[in-house]
Amino acid sequence: MTNQPPFIRINSVSRVFNGGNGVHDLSLDIPRGSFVVLLGPSGCGKSTTLRLIAGLETADQGSIAIDGKDVTSAPPSKRGLSMVFQSYALFPHLSVAENIIFGLKVRKTHKDEIKTRLEDALRVTGLEGYEDRKPAQLSGGQRQRVALARAIVAGHPLCLMDEPLSNLDAKLRHAVRKDIRDLQQRLGITVVYVTHDQTEAMSMADIVILMKDGRIEQIGNPADLYLKPATAFAAGFVGSPPMTLIPASALPASVIPDGLDANNLTFGIRPEDLILSTGQNDHPWGIPATVTGSEFLGAETFIFVAIPGTDGATARLPGRVEISPGTEVSLSWAGAAAHWFDGEHGHRLTPTVPGTSAQDTKITSQPDTATSTL
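To convert, note that position 253 of the sequence shown is 253 in full-length UniProt numbering; the numbers rise steadily by one, no gaps.
Just so you know, these hints were derived from the structure itself, not from any lab.
None of these values were measured; they are calculated from a predicted model.
Please note that a few of the clues may not be correct.
[Unchecked claim] When the alpha-carbon atoms are kept at most 25 Å apart in a straight line, the in silico DSS-like pairs for lysine-lysine are as follows:
| id | residue 1 | residue 2 |
| --- | --- | --- |
| 1 | Lys171 | Lys115 |
| 2 | Lys115 | Lys69 |
| 3 | Lys105 | Lys115 |
| 4 | Lys134 | Lys78 |
| 5 | Lys212 | Lys228 |
| 6 | Lys111 | Lys134 |
| 7 | Lys171 | Lys212 |
| 8 | Lys111 | Lys69 |
| 9 | Lys108 | Lys134 |
| 10 | Lys108 | Lys78 |
| 11 | Lys115 | Lys134 |
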């Protein structure tokens, strides 16, 4: 990041609704030209944060500045931004072109300027040739592109997006995600994007802001959140499947880092870092487990196991693996792959962890034409 001032600065902002939902004492700096994703479960405050930036909600306390100007009390029309919503919000009786330029006509923009902006927006959204069609003649992805084009013609340096892909099917979401990211980079605009889908966040964002209960849980790039989750909540929310989290008291005593109390400690491990062994396992911290099921997804297989005193664990193995439910296995991992969290507050701990490698005999996958059966 550069040393230039933030494009958006949110300073100690609170907006609390009846029942306590909202955001609490939120402070946040967003760099110019970045793609920032507000991520979290329903009710975490991400949409409220977006609406506060937009001016659709008024802060109970604190201040908001955009491009160095205090906009805390300014209406949306004075904040120099555009928005793309979950619903396309297109006029069904207007053509694609008329929907895109509607706002410019309302603001009485010169005809030549409208023509130039429309042509640019159609080109960058891939809608050339669709100008005269009505929304009913378009696919869901094309309608979302019309909404994007409408935001582009506004010419604002800031675009706010509130779960714009949630109405699209999985294949189309993947395509439009790439379109949005490419457009943002091509135009150099700042995007603040709200989603509950961690796949969207991980694939699109420069910066992810993970929220919980109206507060920021962690800020970082996607790799930061995946590789070094700041809390047990972040570890369990980011990743598909998420990190396995189990009470450290269920582990062999030899696993627990020196100076930590197993009764107030949570152990975390990513599915791809779990090693499953059958037969004799001489690893010093093998955990007995029982296979409960599996899912073959083509490039990988998920193995689900039960561990006494826990909610169980998931292992991700490459390729096709067959292992029968009820099979007794032992779980281990390379020492450096372990994550440790305070059992009471969930904060990440960084103890010296014993062991940096594992020599277990793994369950291995076979070529696509074969299956390993255990």
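Quick rundown of the hints versus the structure:
1. Lys171 to Lys115: violated (33 Å)
2. Lys115 to Lys69: Violated: lysine 115 and lysine 69 sit about 31 Å apart, past 25 Å.
3. Lys105 to Lys115: The given pair, whose Cα atoms are some 11 Å apart, holds under the 25 Å limit.
4. Lys134 to Lys78: violated (31 Å)
5. Lys212 to Lys228: holds (17 Å)
6. Lys111 to Lys134: Distance of about 22 Å is within 25 Å: holds.
7. Lys171 to Lys212: This hinted pair is violated, its Cα atoms lying about 29 Å apart.
8. Lys111 to Lys69: With Cα atoms ~30 Å apart, lysine 111 and lysine 69 exceed 25 Å; violated.
9. Lys108 to Lys134: holds (23 Å)
10. Lys108 to Lys78: Holds, at roughly 16 Å.
11. Lys115 to Lys134: Holds. Lysine 115 to lysine 134 sits at ~19 Å (cutoff 25 Å).
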